[in-house]
Amino acid sequence: MHEEVGDNIYFLVIMSTAGTALLVISFVILFIRNQNKLLANKQKLHDAALSHQKELLRTIIKSQEEERKRIGQDLHDEVGGSLSNLRMLMNRFDGKNKDVSEEQKEAVNVYRQLIDKIVQDVRNISHNLSPPGLALFGFSEALEELKDVVSKGDDSFISITNHAEAASEKLAYPVALALVRVLQELITNTLKHSGAKRIGISLFMENEDLLAIHYTDDGIGYDGKLSKKGMGMHNIESRLDLINSTYTIQTAINKGFGMFIYVHPLAQF
Amino acid sequence: MPPIKYLYLAILVPVSILVPITIGVYRYKNLGKAMNTIFFYLVLNGLISLLVRYLASYKMNNLPILHVFTILEFLCISIFYIQTLKDKMIKRIIVSMMVIFPLACVINFMYFQDITRFNTNTRPLEALLVMIYSLLYFAQNTNDTFEKKWEESPINWVSSGLLLYFSGALFIFSFSNYTSSDMNTRYQQLNLLIWNIHATLLLIMYLLFAKGFSKCTKK
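So the protein lines, in turn, are chains A and B. For the first sequence, position 92 (counting from the first letter as 1) is numbered 92 according to the numbering used here, and the numbering increases by one without interruption. For the second sequence, position 205 (counting from the first letter as 1) is numbered 205 according to the numbering used here, and the numbering increases by one without interruption.
Pulled out of the complex, with its shape left as it was, chain B reads as follows:
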């Protein structure tokens, strides 16, 4: 059992992933392709965080998982946006990103950043790319091709969740090595604060996903 100050960070938020997953299971038949990808992403996310917790309980460094997870996460979200965006040119660019970004990640942990530390080069890059995807999705909806109210489309909720999480966490990803490198008390507290903020953003994203799943009803 972690100490009480880590309760929110280490238990409550990771467990909250069960909210969208439960709704996703309940609505599984009506999810459709894109939301299916998000469902898969959530399950992957849950499994990885179990693995991370497991390694942490044995005091092992779990940061190599983050390097791999970054690649998988980016691939999931890219597939989601390929299924969602309509412009063929953009789709082609996303496909090439799905090749370039994993390569960049591998090169990064092989030559630039130690795999046992935060991937502060690639994770913010991922966040930027996802933000761009999300904004492209919003841009696609500015021409009046939409037929229903904004709230009725599950993709809208998911896209907002991704945009909020990745733009909020951009700083956190960038400075994660700085804040966790020095373990004096002040830095530790700062570290706790920013990871709590990160957890809050994650929680909001999960809840927005949950709302999105709840909108997956029969047409």
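In isolation and in its complexed conformation, chain A is listed as follows:
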């Protein structure tokens, strides 16, 4: 090796290695950037599809609620009204009317009871279709209504405690409606499948800014891992997703069923 070239040899070695390393490192970095950008795009598309789906679901639920409200009102006003009229007419055949025989009076009594039952049923159905207390008096009132319909006079069957009155009254109407629907669905599940003797619903504040609803029953429960979700559970999930609430389910065979629902009191539908 010549002296004058030898002076530079370290520099050359370092430069050529650095050059190779630079190529490789920049290749890898460019690759990472490109891949992550593609991934972000993919994620964006996915999110858009998801939010579109959510929007569809929201529209479906909204129109479903409107329809229910209309049917409920019609049922209440039209059918309920006609039945009330019918009952008034029946009063003509009461005790004071001498043209009516005892037998007929008894029959009229039976009819009247039957009409009363139908009126009550129509009322329950129409309230179920669109809880009137919710719009007029708020969430707690709607819960009480729910309790009345379900317990049918047996107060020990369902107990509701509300330690978060202020927050629950602040709920936006669609959010409150969604929660009422979820509770309805849960109660239906309990009645249908669990054989429970008691249902407990309690509301309280979690961490100051989250409204928590705890639903429990003492029924037969189910194996959370094995059971397939039914329509009811799917309805509950999609309703809760739409109001951005989180929830956890605790259940096991013969251990009852419990569900915690957390929702922000100022959440929007």
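Since the hints were made in silico from the structure, they are not lab data. Treat each hint with caution, since some may be false.
[Said to hold, decoys possible] Taking lysine-lysine and the DSSO-like style, the derived pairs with C-alpha atoms no more than 30 Å apart in a straight line are:
{"no.": "1", "chain 1": "A", "residue 1": "K228", "chain 2": "A", "residue 2": "K54"}
{"no.": "2", "chain 1": "B", "residue 1": "K148", "chain 2": "A", "residue 2": "K54"}
{"no.": "3", "chain 1": "B", "residue 1": "K5", "chain 2": "A", "residue 2": "K42"}
{"no.": "4", "chain 1": "A", "residue 1": "K105", "chain 2": "A", "residue 2": "K69"}
[To be verified] Here are some chain A residues the structure puts well away from chain B; computed CB gaps all over 10 Å:
{"no.": "5", "residue": "Q35"}
{"no.": "6", "residue": "N36"}
{"no.": "7", "residue": "L39"}
{"no.": "8", "residue": "A49"}
{"no.": "9", "residue": "L56"}
{"no.": "10", "residue": "T59"}
{"no.": "11", "residue": "E66"}
{"no.": "12", "residue": "I71"}
{"no.": "13", "residue": "E106"}
{"no.": "14", "residue": "R112"}
{"no.": "15", "residue": "H163"}
{"no.": "16", "residue": "Q184"}
{"no.": "17", "residue": "Y215"}
{"no.": "18", "residue": "A252"}
We put the CB at the ideal spot given by N, CA and C, even for glycine.
Add chain B to chain A, keeping to what the hints say.
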């Protein structure tokens, strides 16, 4: 104890292999097949460098080990890429390479290069093949089948480490006989420099492997 100028080369970098190995042990249950192969490769690497150090301390020529190690290293990395790459054709080619390359190594040290000198024919060839494997892996990831961020996949880190090390060390492997043959002072210093560069590349590869192991979490 080696003199201070060899401290980095002979102690620090070889010991740094314990970083990825420790993380690998810690994450052993979550490694998965391919990373398991890399873990095995690292352990092999560590054992060989202990053996090399041992022979060197008795002033014995340790270069025959390099000839054997080249074969083992190539086999490990080939298995790693068979487990990683998806294309069946490429896998078949790698399998045939796993037969051809060791044969070439044996023929090389039997007929062409003395086993007591650097295997400058086969080691750069190995480096080239590994670079090709690594680039094939990158090419596989250009179609958008990936589901997670680049940083989250341990294989990505390992592949980058291999690519960086083998492309950087390609020159070093090629010229190792030249730089170590003549023991005058200037050559000795040059030799020290390039082996220090080699050690640095090795260190970076170990650290990238370590990062890869740290990404082996439960799915």
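Determine which of the earlier numbered hints do not hold for this structure and return their numbers in increasing order. Numbers 3, 4, 5, 6 and 7 - these are the hints that the structure violates, sorted from lowest upward.
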